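As you go down the protein sequences, you meet chains A and B in turn.
For the first sequence, UniProt numbering gives the first residue as 1, with consecutive numbering after it.
For the second sequence, UniProt numbering gives the first residue as 1, with consecutive numbering after it.
Hints were generated in silico from the structure; no laboratory data involved.
Bear in mind the structure is a predicted one, so any value in this text is a computation, not a measurement.
Errors might be hidden in some of the hints.
Chain B side only, calculated, beta carbon under 10 Å to chain A, not exhaustive [claimed, not checked]: (1) 551; (2) 647; (3) 648; (4) 656; (5) 657; (6) 721.
With a straight-line Cα cutoff of 27 Å, these simulated DSS-like cross-link-like pairs (lysine-lysine) come out [unchecked claim]: (7) 71/A with 361/B; (8) 149/B with 510/B; (9) 348/B with 305/B; (10) 160/B with 724/B; (11) 361/B with 348/B; (12) 75/A with 553/B.
Covered stretches of chain A, as calculated for chain B (at least 3 residues, CB under 8 Å) [as the list claims (entries may be wrong)]: (13) 41–47; (14) 141–150.
Yeah, the Cβ is synthetic: ideal placement off N, Cα and C, and Gly gets one too.
These are the residues of each chain, in order.
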Amino acid sequence: MSYLFTILSPTDTPLYTHEFGTSRSSGDGIPRFSAAERALNPFILHSSLDIVEEVQWGPSSTSGSAPMYLKHIDKYQYNYISCWITGANVRFLLLTRPRDEALGLTSGGAGVAGGSKGSLAGGRGALGGAAGLYNPTNPATEEAVKNFFVDVYEVWVKTVMNPFFRVGNGDVVKSPVFRARVAAAAKKFL
Amino acid sequence: MTPMQDAAPKPPNYPANLEASMILPKQRGSPASSLASLPYRRSNPSLHKLFESTASLSGSRPSSGTATPTPSTVPGSVFSPGSRQNGAGTPTSLPPGVSDEHRSLIQRAFVPHVAVLADTETEDMLRGKGLDGGFLQLLRPFGEQVPGKVTIRDSVGASKSWEDFGVRFVGVHDGLGLPTAPPARSPDLRIDTTNGQREEVRSGSTSNLQRRTGGDVAQIEGLVDRHLQYSEFNAHGMVSDYLTHNEAQMQPESTSSPFHTLYLRRLLSGLPVVPHETFAHPVASVIAVSSRTPQPIQEFSRLYKRQREGDLRLPPWVESDYLRYYVLIHDEETCDIAKSNQTFDAMKRHFGLNCHLLRLKSQQCIPSDDDSVRLPTCEWMSAAEELSEIHKRETADDISDPTPYLPDSDLTALRTFVRELVAQSLVPQMERNVHTWNEQVLARRRGISGRFMSLSKRWTGGFTSRTSSSPSSTSSNSNYDSIQGSYRPDAPEALMRKLADYCFMLRDYKLALSTYDILRTDFNNDKAWRHYAGAAEMAALSALISTGPLTSKTRTENIDGWIEAASYSYTDRQRSAAPYYALRTLALSLELLRLRGSSAADDAARWSSRIVEMGLVGTIGGALFTERVAACYSIRPGIGSMKLGGRRRKAALWSVMAAEKWYSVDKAMQAERCLDAALRLYTPPPSLSMSASAGTADTALLDPHAHVPLPFPEMQGFITDLRKRILALRLSMRAYEGRDDDADGAEGDLDAEVEVEEATETLDRSPRAHRKSLIGVGGAPPMNLDIGPLSPRSERREREGEGGDRFE
Numbered sequence: 001m002s003y004l005f006t007i008l009s010p011t012d013t014p015l016y017t018h019e020f021g022t023s024r025s026s027g028d029g030i031p032r033f034s035a036a037e038r039a040l041n042p043f044i045l046h047s048s049l050d051i052v053e054e055v056q057w058g059p060s061s062t063s064g065s066a067p068m069y070l071k072h073i074d075k076y077q078y079n080y081i082s083c084w085i086t087g088a089n090v091r092f093l094l095l096t097r098p099r100d101e102a103l104g105l106t107s108g109g110a111g112v113a114g115g116s117k118g119s120l121a122g123g124r125g126a127l128g129g130a131a132g133l134y135n136p137t138n139p140a141t142e143e144a145v146k147n148f149f150v151d152v153y154e155v156w157v158k159t160v161m162n163p164f165f166r167v168g169n170g171d172v173v174k175s176p177v178f179r180a181r182v183a184a185a186a187k188k189f190l
Numbered sequence: 001m002t003p004m005q006d007a008a009p010k011p012p013n014y015p016a017n018l019e020a021s022m023i024l025p026k027q028r029g030s031p032a033s034s035l036a037s038l039p040y041r042r043s044n045p046s047l048h049k050l051f052e053s054t055a056s057l058s059g060s061r062p063s064s065g066t067a068t069p070t071p072s073t074v075p076g077s078v079f080s081p082g083s084r085q086n087g088a089g090t091p092t093s094l095p096p097g098v099s100d101e102h103r104s105l106i107q108r109a110f111v112p113h114v115a116v117l118a119d120t121e122t123e124d125m126l127r128g129k130g131l132d133g134g135f136l137q138l139l140r141p142f143g144e145q146v147p148g149k150v151t152i153r154d155s156v157g158a159s160k161s162w163e164d165f166g167v168r169f170v171g172v173h174d175g176l177g178l179p180t181a182p183p184a185r186s187p188d189l190r191i192d193t194t195n196g197q198r199e200e201v202r203s204g205s206t207s208n209l210q211r212r213t214g215g216d217v218a219q220i221e222g223l224v225d226r227h228l229q230y231s232e233f234n235a236h237g238m239v240s241d242y243l244t245h246n247e248a249q250m251q252p253e254s255t256s257s258p259f260h261t262l263y264l265r266r267l268l269s270g271l272p273v274v275p276h277e278t279f280a281h282p283v284a285s286v287i288a289v290s291s292r293t294p295q296p297i298q299e300f301s302r303l304y305k306r307q308r309e310g311d312l313r314l315p316p317w318v319e320s321d322y323l324r325y326y327v328l329i330h331d332e333e334t335c336d337i338a339k340s341n342q343t344f345d346a347m348k349r350h351f352g353l354n355c356h357l358l359r360l361k362s363q364q365c366i367p368s369d370d371d372s373v374r375l376p377t378c379e380w381m382s383a384a385e386e387l388s389e390i391h392k393r394e395t396a397d398d399i400s401d402p403t404p405y406l407p408d409s410d411l412t413a414l415r416t417f418v419r420e421l422v423a424q425s426l427v428p429q430m431e432r433n434v435h436t437w438n439e440q441v442l443a444r445r446r447g448i449s450g451r452f453m454s455l456s457k458r459w460t461g462g463f464t465s466r467t468s469s470s471p472s473s474t475s476s477n478s479n480y481d482s483i484q485g486s487y488r489p490d491a492p493e494a495l496m497r498k499l500a501d502y503c504f505m506l507r508d509y510k511l512a513l514s515t516y517d518i519l520r521t522d523f524n525n526d527k528a529w530r531h532y533a534g535a536a537e538m539a540a541l542s543a544l545i546s547t548g549p550l551t552s553k554t555r556t557e558n559i560d561g562w563i564e565a566a567s568y569s570y571t572d573r574q575r576s577a578a579p580y581y582a583l584r585t586l587a588l589s590l591e592l593l594r595l596r597g598s599s600a601a602d603d604a605a606r607w608s609s610r611i612v613e614m615g616l617v618g619t620i621g622g623a624l625f626t627e628r629v630a631a632c633y634s635i636r637p638g639i640g641s642m643k644l645g646g647r648r649r650k651a652a653l654w655s656v657m658a659a660e661k662w663y664s665v666d667k668a669m670q671a672e673r674c675l676d677a678a679l680r681l682y683t684p685p686p687s688l689s690m691s692a693s694a695g696t697a698d699t700a701l702l703d704p705h706a707h708v709p710l711p712f713p714e715m716q717g718f719i720t721d722l723r724k725r726i727l728a729l730r731l732s733m734r735a736y737e738g739r740d741d742d743a744d745g746a747e748g749d750l751d752a753e754v755e756v757e758e759a760t761e762t763l764d765r766s767p768r769a770h771r772k773s774l775i776g777v778g779g780a781p782p783m784n785l786d787i788g789p790l791s792p793r794s795e796r797r798e799r800e801g802e803g804g805d806r807f808e
């Protein structure tokens with residue numbers, strides 16, 4: 001699986017971007033985005049902000065206070081987006097691109113319309129029936145993403161408490177320590 | 001040179017067309033290009049007529065939406081979004097920037113079909129008038145819109161008048177693809193309603209056997225591709241001139257492109273005659289006999305017999321007992337009116353009221369005659385037909401317009417005839433049928449005994465299917481013939497389907513919906529899957545097309561399920577694959593959902609992306625429907641002053657995707673249009689833009705003149721790159737145009753040009769088959785895109801249009 005983690009300011013400018021692969025199940029932590037996917041990723045992240053805002057301001061699904069962790073909120077083709085929102089309206093977005101095997105795309109060429117699956121809709125096998133392979137709303141997945149976000153949030157709060165970091169002006173995060181911490185959290189949980 | 005000026009569609013195009021008219025039309029084999037093996041004859045006025053439906057740019061759209069959702073004055077808290085406009089809007093209260101055109105398009109697509117049958121004398125006479133297609137060709141354009149209002153009484157007795165009611169005149173065997181072979185056995189992806197056997201079935205009365213059957217997605221794609229090519233190659237200049245400048249700027253992206261409308265129209269043209277729906281089954285038949293025939297009454301009976309049980313009979317699952325309308329065609333020039341009147345009186349005695357005396361002139365009419373009128377173009381021809389027409393005109397030697405002209409009196413006579421046929425015979429007949437079936441079939445099925453019957457049938461059916469192992473044997477008391485995949489025409493299910501279809505055609509959507517809903521369960525019990533899909537499709541459409549309000553609950557609970565079921569059953573590989581119908585279901589319901597605005601637009605976008613994902617369409621359709629997703633998202637307005645819950649960014653994403661898809665099929669103009677739309681969407685609305693452009697470190701890296709600062713530098717880079725590539729593609733197109741101008745005088749330079757062309761193609765990363773040479777651009781090096789501007793005005797335009805990207 002490949003991940004793209006981005007912190008977006010309230011005015012939609014990216015403050016920090018980190019791309020990594022999974023470290024679970026003997027993953028090497030290297031992202032496997034193809035060139036086309038890599039070019040498209042920012043667009044996907046940006047477009048999911050529409051959904052973020054809707055979830056954020058929409059009727060709350062949980063009782064009591066609004067949650068910071070919005071869970072899996074959006075999907076574009078096989079890219080799943082999870083979101084964490086801070087008190088200052090800074091958005092953490094995590095884009096997950098499962099490997100093709102995890103989507104059932106490579107098995108028997110069912111991804112091509114005309115596989116041996118029941119319907120003409122080649123993509124539907126992966127959408128509906130074979131969704132057990134990768135499911136973004138799986139509790140384990142949600143929990144892992146949440147732990148990752150919690151760790152990153154902690155580091156983020158420390159960063160924005162730095163008096164020389166003018167977060168309101170859209171300063172990008174350049175600190176190598178921050179990057180190292182995020183990488184560590186990614187390695188630990190994802 | 002050629003009389004061009006009358007073919008110019010609108011004044012602003014004048015310079016471009018004038019220039020085009022200076023080119024001698026000449027057959028020219030373009031080297032190394034598959035596309036240009038078809039000769040391009042851009043100066044052919046008759047060809048231009050064919051492309052008129054899409055050639056007029058959308059500057060003339062009736063309703064102009066705005067690019068970004070208008071600053072609506074929706075009062076209400078930010079915290080309660082969606083509660084007010086939950087997709088419950090009715091099409092009568094359209095959201096801003098949405099036009100009703102697709103709804104009326106769908107209404108006008110499902111109209112009664114009238115079979116046309118004429119005797120040989122009539123055909124001969126009309127061929128003498130220059131109508132190769134005979135009586136059918138003469139009638140077809142007039143059925144598309146019945147002049148005047150047509151008043152229809154619905155099942156509860158309320159009358160309503162429609163301006164745009166029409167009928168479809170078809171040949172006796174049009175639309176018959178493969179009537180006998182069970183569609184369940186055909187495993188191919190292709191639509192299985194067209195095959196070769198039609199040609200032999202048709203009686204050889206017409207010479208040009210165009211295939212008037214639609215339903216082939218590949219052909220529709222091909223046709224739209226031709227239209228796109230035409231518009232690409234006829235685009236005037238890189239930059240808009242003074243006159244069209246503003247028009248191009250103000251083009252609202254939320255209205256659909258003319259190509260999408262064309263796609264839909266062709267999708268709905270020439271509906272095939274199939275067992276699972278009766279839209280294409282003839283509701284009536286016009287039998288025409290010329291007054292030159294020695295014994296007209298006998299000729300009428302002969303034709304009637306041929307149609308009823310002779311060689312012109314339709315397959316057994318089509319009801320053969322429909323309205324016959326007898327027309328005596330009086331030849332004004334050679335026949336005596338007194339004699340014709342006598343015959344007509346005899347006809348009335350024989351056949352009753354459904355008769356008409358049509359007086360036509362047999363003389364051929366030429367355009368320069370006093371009161372000659374051009375035969376109107378048929379709006380609803382099938383894709384195959386239009387393709388062959390385009391091909392015919394491109395390869396024809398003379399450049400004159402082959403469309404026949406008619407004297408004005410003929411036109412009036414035909415209009416009166418069609419009006420009388422529809423308003424006095426056809427519609428009352430359909431109303432009567434609806435009434436009868438409603439009382440005799442539907443009421444019985446709905447009543448307590450009907451429910452009990454269907455219930456008991458379900459139980460016994462369940463038992464038999466459990467005991468019998470063979471899947472083809474259905475329960476004995478089911479009317480469904482699973483071998484043929486059809487019902488007998490007098491079975492209650494078939495009659496109810498017919499009733500529902502009649503209601504749909506007569507625009508009584510309420511009764512149609514309830515009938516389709518009953519049919520759905522019946523077909524489901526009978527395991528008649530294609531019928532089931534058809535009923536679900538039409539149930540969804542009739543629920544969506546009616547103007548009444550629709551709660552979001554019904555929408556998500558029922559209609560989504562119906563659309564889903566229909567598209568699934570239509571594409572089910574094991575049972576029967578009919579991707580054409582699945583595409584129709586999705587494409588139509590997405591348009592209707594979109595009209596309801598707000599959260600229904602979300603669903604519309606979902607179905608639209610489903611079309612692309614399922615691979616129901618080819619490359620052209622893929623690009624069109626990707627564009628459609630963007631259009632669906634972009635009409636969804638935000639709520640409150642912050643525009644929360646809007647889908648601006650989603651729309652922008654899909655616009656960019658569409659731009660890339662258009663680019664990959666070499667449609668530079670469309671790609672550019674989509675990209676412009678995307679950039680407009682990325683521009684934050686004024687209320688949000690206060691600090692967005694405050695120079696962050698990232699945006700500072702970009703061009704300081706950037707008109708639209710995109711949030712991600714990667715995005716900006718991607719868009720700049722795409723813009724460059726599109727520009728290069730467009731330049732190469734234009735160069736092709738320019739070369740034509742040179743080539744008139746300098747055919748000898750062709751060799752040199754070919755060399756240059758190869759050289760430029762190697763510079764390309766992905767050389768395309770029909771990439772044209774760049775020599776016409778005044779020798780500008782191909783990769784240096786800094787072309788000398790044509791005028792200061794155009795330079796400014798270029799800079800604006802590209803968001804200030806500097807390409808050097």
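The hints, checked one at a time:
The closest approach between the C-beta of residue 551/B and any C-beta of chain A is roughly 17 Å, which is over the 10 Å cut-off, so the hint fails. Satisfaction of the interface hint for residue 647/B is found here, the shortest Cβ-Cβ separation to chain A being roughly 5 Å, below the 10 Å cut-off. Hint on residue 648/B holds. Least Cβ distance to chain A is approximately 7 Å, under the 10 Å limit. The criterion of a C-beta within 10 Å of any C-beta in chain A is met by residue 656/B, whose closest approach is roughly 6 Å, and the hint holds.
Interface restraint check: residue 657/B against chain A, minimum CB-CB distance 8 Å, threshold 10 Å, status holds. With 10 Å as the threshold, the beta carbon of residue 721/B comes within range of chain A, its nearest partner Cβ sitting at about 9 Å, so the hint holds. Our distance criterion of 27 Å between C-alpha atoms is broken by residue 71/A and residue 361/B, whose separation comes to about 75 Å. This hinted pair checks out: residue 149/B and residue 510/B have alpha carbons roughly 22 Å apart, not beyond 27 Å.
Our distance criterion of 27 Å between C-alpha atoms is met by residue 348/B and residue 305/B, whose separation comes to about 18 Å. A hinted pair counts as satisfied when its Cα atoms are at most 27 Å apart, and residue 160/B with residue 724/B does not qualify at roughly 55 Å. Of the pairs offered as hints, the one joining residue 361/B and residue 348/B holds, with about 23 Å between alpha carbons and a cut-off of 27 Å not exceeded. Distance hint between residue 75/A and residue 553/B is fulfilled; the C-alpha atoms sit about 24 Å from each other, no more than 27 Å.
Judged by the Cβ-Cβ criterion of 8 Å, the segment 41–47 of chain A is covered by chain B as claimed, because 7 of its residues qualify and three suffice. A count of 0 residues in the segment 141–150 of chain A with a Cβ less than 8 Å from any Cβ of chain B is obtained; the coverage claim is therefore unmet, three being the minimum.
The structure fails to meet hints 1, 7, 10 and 14 from the earlier list, while all remaining hints are met.
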